[in-house]
Amino acid sequence: MDLPRYHRLTAPYYRLEGQRCAACDAVQFPPRTSCGACRGADLKPYRFSGRGTVYSFAEVSQPPRGFVGPYVVALVELEEGVRVTAQLTDISAEEVEIGLPVEMVTRRLQEKGPHGYLVYGYKFRPCLERSAARRAS
Amino acid sequence: MKDVFIIGAAQTPVGEHWGLGLRELGATAIRAALADAGLEAGTDRIDALFVGNMLGGAVNGQENLGALLADAAGLLPIEAWKVEAACASGGAAVRAAALAVASGAQDVAVAVGIEKMTDTVSDRLAAGLASASDGDFEASHGLSFTALSALLMRRYMHETGASREDFAPFAVNAHASAAKNANAMFREPISVEDFLRSPLVAAPIGILDAAPVCDGAAAVVLCSREALAAHHRPIRIAASAAATDTIGLAGRGDLLTLGAARSSAEKAFAASGFGPKDIHFFEAHDAFTIITALSLEACGFAPRGEALKRAAHGCFAVGGCVPLSTCGGLKGRGHPVGASGTYQIVEATAQLRGAAGANQVPGARVALTQSIGGHGSIAVTHVLEG
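In order, the protein sequences belong to chains A and B. When we follow my numbering, the leftmost residue of the first sequence carries the number 1, and every step to the right adds one. When we follow my numbering, the leftmost residue of the second sequence carries the number 1, and every step to the right adds one.
Bound-form chain B, shown alone:
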C-alpha cells in the first residue's frame, strides 16, 4: 500500500446552524479544505469525494449525498458517494479516501464528514439515532441511543464501584479545551459541581455526560506521495483500521470490552509500529463519558475497569500522560454524529502542524483518533504522524 498524506483540513464551526442546510455546510468545509491544500475545484485534479454521514435519510430526507455535495462544492463530475457507519461515519469516510489513495487507484481524494441534526424534532431525531442499534431487538423495544449507553455505564459502575462523580474529569477536561476553541459549540468551562448538578437524561447518564445535538461539517484532502507539492504541510496517515462487533449489546460476551474498538486499535498500532506509549494525544469518541472510559481501555491506555482511576490522577488532562479531546472532543466541541470522526482528523492535523493555538499540545508528533459507532459495534482508528 502507498503512503497517504493529509494536505488540506478545514471545518465549519459546530453549533445550531438554523440558516444552513446539508449542501451549504458540506460545500463550505470541502472548499475550505481544498483551499488549505492550495487546490481549486474545477481547476486542479481531484479524483473522488467520500461523504461521511449518518442521518441524511432518517432526519433530512436526503440521501445520495455524494452527488448533492459534489454539485454544491463545484466538483462535478467527480466520483462521489456516501459512507455510513453510524457515529463512526466521519472516520469511515476518511478511511475510504485513504484506501483509495493507498491502493494507487486515485491520487487526490477528499473526505467530508457532515451532519445536520437540527432539521427535525427531538423524538424523530432520537428514533434516527436509535437506528444505529439493533432495529429488531433494541430500537423496536424503546431503547434510545442514550439508554443503551446508560446500560453500559450502570454495569461499569456496578463492576468497578465507580460513582457518577468519577466520570466528571472527562466532561470537565472536554469543556476546558472547548472553551479555547473558536469552532466549539460550548465555550464555557464546567466544574465537577456543575457536572453533579446536571439533570439525568437516562439515569445514570446526566446531560453533562452526553455530547450535544448539533450541526457541522469537516473535510480533509488526502494525496499520494507523488501528488505532494512544495507548499504542502503534509501529515502522514501512519495507520487506518476498522473493525466490527455485535450490533446488539446483549450479544457481547464481555459487555465492558468494546471489541471493535480494541481490534481496530490493535490493527492500527501494528500497522503504524507505534504503541499506546508513543501517542502524544488522543482524540477519543467521547459521545458519553462511559464511552470515553471504554475507548481508553480498548486502546490500551488503561486496563479494564481502570480508566477512571487514571483520569482521577489527571492522566488524560492537558499536560497529562495522554491529553484527551484536545480541542473539546465530541462533548465540548460538539458531536454532529456523522461528522465527528472527520473533525477528529482535522483537529489532530492542526495539532501535528503546531497550529492548534491555545489548545496546542507542545511537541505533538504522533496522534491517535478513534471514531466509534453504535455503542462499539463499529470503530475506525487512525494513527497520524506529523
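Okay, chain A solo, but in the shape it has when bound:
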C-alpha cells in the first residue's frame, strides 16, 4: 500500500473509526460521504467498541502479493450490528467457529510497503476473557 493511501486510512485502520448519522442515529463502517440508511450527510466520527462475533470465516493459503499465508480471514459482526472484514489473529482456522466472540487489536497488516514501511491496522482475536475462562476450565 502506498503511503498517501495509508495516511488517508489511519482513522478507520487504527481506531476502527466509522460514523454515526446525526439524523437517524445509524452507525456505519467504513466511513462514507452519506448515511447508508437514510442518505443524510451530517455524519460524526464514531469509534466502534471493537467487540463482536465471527459471522463467517475462511483460511487463505494462496495469499495475494504483499501477504504471507496461511492466515484466517473473517466477517465480524460488531456488537453495534455492523459487519467488518478483517484477519483473525492469535487463533488457527481449526479453532474458529461462527459465533466466536472476538475483539479488535492493532496488528501489522503488511510486512512492507513499497518504500519499506510497515502497514498497521485492525485485526480481531478471541476475546481474552473467554480465552482465560477456557484455560481455567
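Quick caveat, the hints were computed from the structure, so don't treat them as lab data. No residue lacks a Cβ here, since even glycine has one placed at the ideal position from N, Cα and C. Treat the hints loosely; a few may be bogus.
Taking CB as the label site, the calculated pair distances span [unchecked claim]:
1) A:51 - B:21: 49 to 57 Å
2) A:22 - B:273: 42 to 50 Å
3) B:312 - A:3: 49 to 57 Å
4) B:103 - A:62: 42 to 50 Å
5) A:15 - B:199: 51 to 59 Å
6) B:121 - A:51: 37 to 45 Å
7) A:80 - B:3: 45 to 53 Å
Calculated from the model, a selection of chain A residues having no Cβ within reach of chain B, i.e. all distances over 10 Å [to be verified]:
8) 23
9) 24
10) 27
11) 34
12) 49
13) 57
14) 59
15) 64
16) 79
17) 82
18) 91
19) 100
20) 125
21) 127
The hints should help you fit chain B onto chain A, whose structure is shown.
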C-alpha cells in the same frame, strides 16, 4: 429502443496460450466473429468495437485495449474502447454494444471479451483479481478473491446445513459438458469422489469448486434489424440488464442474497416478457460453486437456500428442468475472467442456432446468461431468443 440481433459469434479455445498475447487472442476472436457474420474488416461497415477485459492493466501492463485490438484486427479507425466490470466485463461489453445498436446510434457493433491471465505469477494475479473487491477494506487486509467466496460459502453452509458434497453436482455437471466441448480447457469428466478428494484452496473452497486460471477471447457481432441480411442466422437479444450492489461483502444486509444479480435478472425478465419457467437453459457465472447456487436463487430458479436441494434432484443437469452451463461453464470450459461473459453469449448463440453439437439442448429457444463481478457487486444479465 430498437431490436438488436446477434449475427456473428466466435471464440478461441480456452486454455494456457503461452504463445499468444492479448492482440493475437483478441484479433483471432474478432475476425472469426466477423467471418461468421459474413463481414470483412476493412470492406464492410462496422461502427464500433467494445472490449470487455478486467486485468489488462494489473496483469499485462496494457491498457487502451480498444486501440490495441482495433489495430490488431484490422478495424482502424473504428471507434473502440474497453469496458471494465471485473469478472462481468465480458457481459458488460456485450451490453455496451447492444445499447449502441438499440439507441440507433450505430448499426453494427462488435463486442469482444478477452483475458490473458498467464502472463504473470500467481501472487501478482491474486492481487489483480482481488482488485475487484474493496481495495481499502478487503484487499488491503489480505482477502483474496477466493477467500471472499469462501466467506459466502461458509455462511451458506452454516445457514442451510449444506455439506461440501452438496455443492458437487455443479462441478460434476460442468466438467461433463466441458468434456464434450472442443474449446473447453478441461476435457475430463469428474466424479463426486474426485470433487471430495480435491485439495482445499481457501477452506471450505476446494480446487474443484473453483474455475481455473486461463486465457481466451470470445466475440459477437450485433446489428439492427435494418442491417440484417438474408444469409444471417440472427438471434435476438430479448433483454439486456445490469445492476450493482455494495463493493464490500460486509456492507450487505443479507449476505446470501446477491442483490445485483437479482435486480438485473428481474429487469431482464420484465423487459423480455419471459420468466424463469420460460428459460430453456441458463449459462450461469459458475466461477465458484457457491456463486452458482446464489445466482440460481437470485434469478428465481430456487428459493433462498434451496438451490443445492434442487441440484441434488438433477434439476440443473443435462435433461433437467433448467440445464446449466451447457458447454462447461466457467468451471469446465474455463474462466478467462473478463472474457467469460462473452463466452456465455457465444455459447448460448450456438445453442439457439442448434449448432452446439454434442452439448445441444434439444429445442432450445430461450436462453438466460448472467455474468457476475466482484462477488455480486455487479451483474449483467441477458435473455436471448432464437
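Unmet hints by their number, sorted upward, for this structure = 5, 13, 14, 15 and 17
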